[in-house]
Structure formats: C-alpha cells, structure tokens
Amino acid sequence: MSNIGNYEERYKTFTWEQAERELNYRPGGVLNIGWYCSDRICDSGKGDKPALIWEGMGGIEKRFTYHDIRRASNTIGAFLRGLGIQPEDRVCLFMDKIPELYLGVLGILKIGAIGQPLYSAFGDESLFVRLDNAQTKAVITQKKHAPKVRKILDKLPHLQHLIIVDHDGKPLKDREIAFSLEKSEPVEKLEIHPTLAESPSLLHYTSGTTGLPKGVKHVHYSLLSQYMTARWALDVREDDIFWCTADPGWVTGTSYGVIGPWVLGVTQCVLDAGFSAEAWYRFIEKNRITNWYSAPTAIRSLMKAGEEIIKKFDLSSLRALSSVGEPLNPEAVIWSERVFGKAFLDTYFQTETGSIMITNYQGMKIKPGSMGKPFPGTTAVVLDQKTFEPHKESGKIGLIALKPGWPAMMRTYWNNEETYQKKFKNGWYITGDRASIDKEGYFWFVGRDDDIINTGGHLVSPFVVESALIEHPAVAESAVVSKPDPINMEVVKAFVTLKAGFTPSADLDLEIMNFIRKKLSPLAMPQEIEFTDALPKTRSGKIMRRILKAKEWGEEIGDTSTLEND
Amino acid sequence: MADEMKETVLKYVTAEYLEDDADPITFDTPLISGGIVDSFSMVSLKRFLENKYKISIPDDQATPEAFDSVDKIALLVRKFTLA
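Listed in order, the protein sequences are those of chains A and B. Residues in the first sequence are numbered from 1 upward in steps of one, following this note's numbering. Residues in the second sequence are numbered from 1 upward in steps of one, following this note's numbering.
Hints in this document: simulated from the structure, not taken from any laboratory. Everything numeric in this text was worked out from a predicted model, so none of it was measured. Glycine included, C-beta positions come from ideal geometry on N, C-alpha and C. Warning: the hint list may mix true and false statements.
[As the list claims (entries may be wrong)] Derived DEER-like restraints, expressed as beta-carbon distance ranges:
hint, chain 1, residue 1, chain 2, residue 2, range
1, A, K49, B, Y53, 49 to 55 Å
2, A, I397, B, T26, 50 to 56 Å
3, B, L18, A, K155, 20 to 26 Å
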C-alpha cells in the first residue's frame, strides 16, 4: 500500500491544515525549516539515525546522524552570525554536492537568513548577475570555485564575505575567510531565529525568455508542500534509504535533496561524482537505496549504457522510482519497469511552484508518457491560450495553469514584482508549459509556450546566450534555439553571423563554444554552431527565432508574412 | 606519438576545464567521474579531439567511460586515427 492510498479520495478530502497538524504547526507560530529538518527529528528520539551518507570522488565516504546535522548546521549558523549575517541577508552556497552544501542550507535557514544556492558549474557572468541582483552578502564556496568569485568581487560592493570551506592555508585576500566544519568547535545549542510562515527562506534563480534570470523567492511555509509531496508523490517512508540525484543548485535539489527527506527523518544518500552508469548502480547496491528520484536525462543515459551492466549489480533494494526535470518518455517508463521491476514515475513542478504539482502516484494506474494528475490540495487546469479560461473538453491543448494557494508557491521574483504579476491571468498562475488533459484526468505534456530551452531538465534563456555570444570578438549577430537531442531532450544551438575579417572554421566554432561555457555555464554552451550569412528577421529587424527552431524540429515554419526579404 | 598526444590532451584539459590554481591532473585522473568535465562539456572536448586529430568520433562511442581520463581518451583517439 502506498503512502497516499486512494488518490481520488485524498484529492477530494485533503486540505493543507492536515499538513499543519501533522507537523504540529499552528498558524501564526514560529516555523523554521532548519529546525524542522534537524532539531525536531532529534527531539523525537531519532538523533542517532543516519541522516546523510555522502560519497565523494575516489569513494571517500562521510556519514552524519541527525544529531550530527543538527550540530553542524548550528555550527555553520553560529559562524555566519559571528560574521554579522542578519535575518533576510542573502547567503549564496556555491559548491559541489559536498556535505557543507546540504548542512549550509539548514544553517542559513536557522539564523533566518536567505539561502541562495547556485550551480557550481556557473561561469563568472552567470554568477555575477545572480549575486548582483540578490545583493548577496556572503558566498560560501570551495577553493576550486573561489577564483570565479574573485574575478567579479570588485563589481559586487554588497558582497562582504567569501567563505572558503576547504582552505589550504594560502594567504587569503580581502573579504576572504576560511571556515572548516571539521575543525570548528561543534555548537550544541543555537538560538533559532523565530521565522514565521511568510519569512523568506530560499532564493532560486531561473531563466526567463527575455532579460536577466529571475530570483524566485520562497518562504518557510513551503515546508508543508515539500513534506506532503515527499510522502505522497515520492512515497518516501520512514525506513527508506533515499537518493535524490539533483544538485541543490536547482530547486529539486533543495526541495527533495535537503528538505523533503530530512523533514521526514529519512536517511538520504548523496553521490558527489560525475555520471557513469557503473558508478550509479554500484552506489545503489552499496547503500541499499530504496527510493530513487532522478531525471530523464540520467535515465536515458542509463538506457544507453545497456542492460548487461545492470546484471553485475544487486539492485533489488529499489522500491520507488521517480523522475523530474522534463517529460519522461514512455520508452523510459517501460524500460525501467522491465530492468528494475519498477517504473520510473514522472513528476512535474517548477522553480516557481517549489514542490511537485502534477504527478504519477505509487499504486495509481500509470499511463507511460503522461505527467499524471494534480497533487491533492492543488487545482491544475489547461487554459485556452486566448481567453485564459479552462478548456471544458478533454484532449484540447492549452496552457498549464495552477490556482494559487499551495504553501510552496513562490512569493515574488526578487526585485522584479512586475514580472511576477505578469505570471497571473484570470486568477491563475501560468506555468508557461502546454499540455492536454485526457478523459480520465491525466495531463499530457506538449511543450513550452515560449523560447526557453529545457536541456537535461535545466532551463536556458536563448536571450542570455545570444547576449553572451555577441560579446565574442568574431560574432556580429546570433540567434539561439533548441534542437532535439536523444539524451537531453533539447540542447542549445546557435546561428551566428561573423564580423568582417572573420571566417567560419572548426577552430572558431570550438573557441565560441568554450567562450560561452566559461562565461555562462556548460548547460548554456551551444552544442552546435551554424555559421550563416544572415539571420531571418522581421521587417522591423527582430530576429525570428521560431523559423530557425521550426527547421531544427522539422516543423511547419508558419506565418512568414513579416519576414524581411520574403 | 602516443605520449605526445596525451601531453597535448592533458594540456588542453588543464587549460580549458581547470581553474588557474587548481591541483594538477595526471593521465589517469578521472575527468568525468571526477567531476572535472561534465556531460555537457564533453561535447566541446570531443570537438577539440576531432579538430585536432582530424577524426570523427561517433556519438555512441563518445561515452563518459571512454572520456574518463587522458589515458582513455588517447586510446579512443588512436582507434580512430588508425582506422
């Protein structure tokens, strides 16, 4: 029997008050995610239970009980307080998936500051726009990533502290400070900042169609959504060994790689090493992982690695498998059922929604390729794209929209309330994704409603890549679109015109790829660059991305009446 | 020739994928499983090898395992330069 039991019954009767009661939260009272995920579990007598089993490069392993993560997060919180970090100050976590990242999230939340996790592969430009927008006061990082922060430090007057968690003794520069969790005196008791439901907790950045990345502001009340969805959507149970493969630089990695398992008092595992099928299967076997939350890109890479390799490992511990980031193709669902004896269940949410919104449930009939059904306590519909009214007939494609009111809904975009307000129409939150709903109420993903590229589950703004491309000395103009990819669903493709004096070549192609990789991130790096003499434009000079995209996807080009020189 | 190739690849990986003050890597340092080169960046590394050695590496052979160290990359490149 799954945690959720009968979905239809739950959907009819559930209200968020149930989550409040289960978590002993009284409206108006103190609610602090850091405390809920560590001290509360210890107070319930489970302090000696393993909370985190971490494995790094070369098989190095570290284990933390709930008492350990309580003390470690206290220690980090006390250190930050000692530096003068105040409630609601932004503290960026710019690290690989090392223990300090996970423990740092709790430490920051315990003192009422706002955690700003950023993907450690970001280049200095990507890092700068996010730290500048958030007016971040401190960055916690590793020595290997510190040089990227140093490059932009002079442009960040608000950034007071660059905290290095693995400092090697070399002289530190202005504003730099070393912090070693292992060498610090553990702090047994920390005064938890009395955050309330609407106190800000985390700031996650996401890409927009135009303009700079948007800082999605979440609050401590999100805990209720993350708690319920971890239980009912991911079917996380008390005795599970849970593995969320996502990086906490992205929302899945905090909602379900930190908060979800720990508020439930579950043991979770983290593998901080690059991907290989063998390493992943070995990790599951070694830790007897029971509940595995991953992504379609990884699942397709495992499929590519073949089935022979699976026979080398005992994966019989696996009980529940889920996936997030982009639509999970039916082949992957069927394949996982065949090779693991369990199907990967697709889940759907966004940085803005903070928790799973539409999903397949353990025990419910699965239709491979479907997104599943709305989570209890949420109302999801598909809207007509012109009237913004819900489609009344099944099978019609429209915009996925959600009725605001679930606890983990974003509260605003940081310093960008205007863009936040534009996300709502007729009282619905517009996700920007398109889908249809079948007669049985299952949602079927169709695609994005804008030019945003979803590559391996990560959103990339074509505008940001185009802006970076024209900073390369050889590039005159650029247009960036998605192109299909068997592993990542979509990858970035750039069309580029060159300035006079430059000619297309394989070396220039590679040089531009690396330029973007280092400036923005490996995700934003065009996997293909097509040099062209001209880009399709409207008569008013606007580049028509949709024409280039349609060609890449083998689709109809559509209306070209505004095309220049047509 | 093989050692020269390995030196070239090592130099390229160091210059492109490591920060200035990072610890030096060797021919057998794990690149993919060690988190130095991620799966997206593998595309630019593959492009470098193809440009430099005038070869074409099929996508199904450009696996994380085949790119996991300079030693392994050299084996892969040799396979296609000899073909």
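Taking the hints in turn, this is what the structure says about them:
no. : hint                          : in the structure
1   : K49(A) to Y53(B): 49 to 55 Å  : holds (53 Å)
2   : I397(A) to T26(B): 50 to 56 Å : holds (54 Å)
3   : L18(B) to K155(A): 20 to 26 Å : holds (24 Å)
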